[in-house]
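Under numbering that gives the first Met the number 0, read the sequence shown as residues 0 to 595, first letter to last.
Think of the hints as simulated: they come from the structure by calculation, not from any bench. Please read all numbers here as calculations on a predicted model, not as lab measurements. Among the hints, erroneous ones may be present.
[As the list claims (entries may be wrong)] Think about it this way: if two alpha-carbon atoms lie no more than 27 Å apart in a straight line, the pair counts; the simulated DSS-like pairs of lysine-lysine are:
1) LYS452 <-> LYS56
2) LYS493 <-> LYS383
3) LYS466 <-> LYS452
4) LYS493 <-> LYS466
5) LYS389 <-> LYS146
6) LYS196 <-> LYS460
7) LYS409 <-> LYS450
8) LYS52 <-> LYS66
9) LYS389 <-> LYS454
10) LYS476 <-> LYS466
11) LYS66 <-> LYS85
12) LYS73 <-> LYS493
13) LYS44 <-> LYS56
14) LYS383 <-> LYS476
[Said to hold, decoys possible] Cβ-Cβ distance ranges computed for the label pairs, FRET-style:
15) THR388 <-> ARG428: 47 to 55 Å
16) LYS146 <-> ASP261: 27 to 35 Å
17) LEU368 <-> ALA293: 52 to 60 Å
18) HIS352 <-> LYS291: 50 to 58 Å
The beta-carbon is built from N, C-alpha and C at its ideal position, and this holds for glycine as well.
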Amino acid sequence: MDDPYDDRSMPADPPRGYHDIDDLADLDSMKPPELDYYAVLNLSKNASEEDIKDSYKRLSRIFHPDKHSDPALKQAAETKFHIINKAFEVLSNPQLRAAYDEYGEEGINTKWEIGHKVKTPQELREEYARLAREKREMELESLVRSKNDITVNINATRVFKNQEVLSPFGGTAYAQKSRGSILGALKRTEIMQLYMKNSFETQFGPRTQVVLAGQMTARSGMGGGNVVGTIRHTFSEKLNIELGSSLLNPRIGVFKGTYSLDPLTFITGTAQVRHFQGPALLVMTFGRRITKTATGYMTYRTGEWAIGSWGPIFERRREFSSLALGLSSQDENSSSQVEIQTGILQSHLSVDHTWTLDSSTKVRLGGNLSTTAGLNFSIGGDRKVTEHTKVGLAVEAGLSGGIAFNIKVKRLGQSVTIPIALSAEFNPRLAFWATVVPICAVTALDVGYVKPKRKRERAEKILELRKVHADFIATQKREAEEAIELLRETTIRKMQQEASKDGLVIVEALFGNLNAAPELGLVADVTVAVQALVNNSQLTMPAGHSKTHILGFYDPCLGEKKQLRIRYEFQRRMHEVIVADLASVAAPVRSHLMAQ
């Protein structure tokens, strides 16, 4: 007989004490989770009708009120039996189960106009999704979304190079850059260009959006601006179009359409008209998903062209035709893009890769080899510093060009980008320090301020959660203890049967924050509840559902990471296993901790 816990695929424990921004945001809106009917019946979400019936019959034999003569236990059994009946009523009805799977208890308590009742569960889910989507779209009709982008190009090359001065003996001499105050260095910087764009988007019907955008560019005290109006309309799941035009001179009109040939293939076309002084500039892209995470594409750009005398002559054209082939891929941990382009004016090979370190941090590395600009590379990253604020830093350098440092801050649709030119020529030393100094500064800020602050905020929020939900936690604890008492007699018999055949006997099972001090009461003893789930020397727990709703379980540390530690005896040998983050990680499968 194999050890039912002998598996090496256990999920790794998360770093102790680590919590990201999303975790803190979840705590702000956390409330006690609604009842999980699958967990009540100890079933997985893909359980068959036969599995549902078998689990219901087994639990009914234990929790039926007529099985208990003690008045206190009889009353507790009535409560549990009502919950079990409710779970069976929902999961055994295909229509109710489809609504519950899609929207939880809200789905089964809402009256949906879904037509004929003989639809398959998949058709019902699609119908619910469609109705909910249309409802959300109608709610957005009066909502106007605003976005604002500001880009400030700064020239700081004079800060990092020797200054030219007139020599009293004629010609040009060079003086070492001043080592004075930071204010003195800032005086040697200048703003080269300022770009601002503000847009408003509003829903104009369930499938139509209207965008009004204004943009302005100023350079050396001179500049201009324009206002652009755009209408986007979705005709179907396969076709959507976009039509835009500037309202002031220079007049530019843009038409864009995307059509999906099938779920894996799409075509996008863009036409741009300028003053009708020549044929429209066309861009055509054909793309197809090659694998689950990768999409290949081909893009052709006509550039400026002419039909007879209509259009600019070749010598006056500013944009030329090109053909690009590319491959982009994206998964949960990284994204990358490779593109090769050949054209009359310029050909290039570009590579870009982004690593997702956690839900708050991304690091990007990119390179470009061009026939006009030579070799260029960039390294940067962005990090979410608060729930709604993201900060990005990047260094760009070229062997035949200069070095620039970019700062970008985004918050609630507002974006500020500051590209700072550090050198007009490539300087390895400057490129090194421009990369290292920001990384060290951000790391010091993160380790010395952001993470400690986040840890304090999290601790305060958890304490507040315990106070706000104290009654709920106490009720759940009492109901779990009642369930354990109802299970105890049956579980003792099961334990004796397992022990007689050297099977699986749960010696101790603890659930909660196992790293907390015992006096805090953040750990629950669930030995009886876990033993009750053992059948034929295998422990079966529902995968992908809240374990806190298993009969005999409750959440002793609301808002905290939880673990389940099990000490068990199998074939007269003692073992121990710890399942990390049980609230969000599905029970390990195979022979270790069997998941249905």
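What hint numbers does the structure not satisfy?
1, 2, 4, 6, 14, 15, 17 and 18
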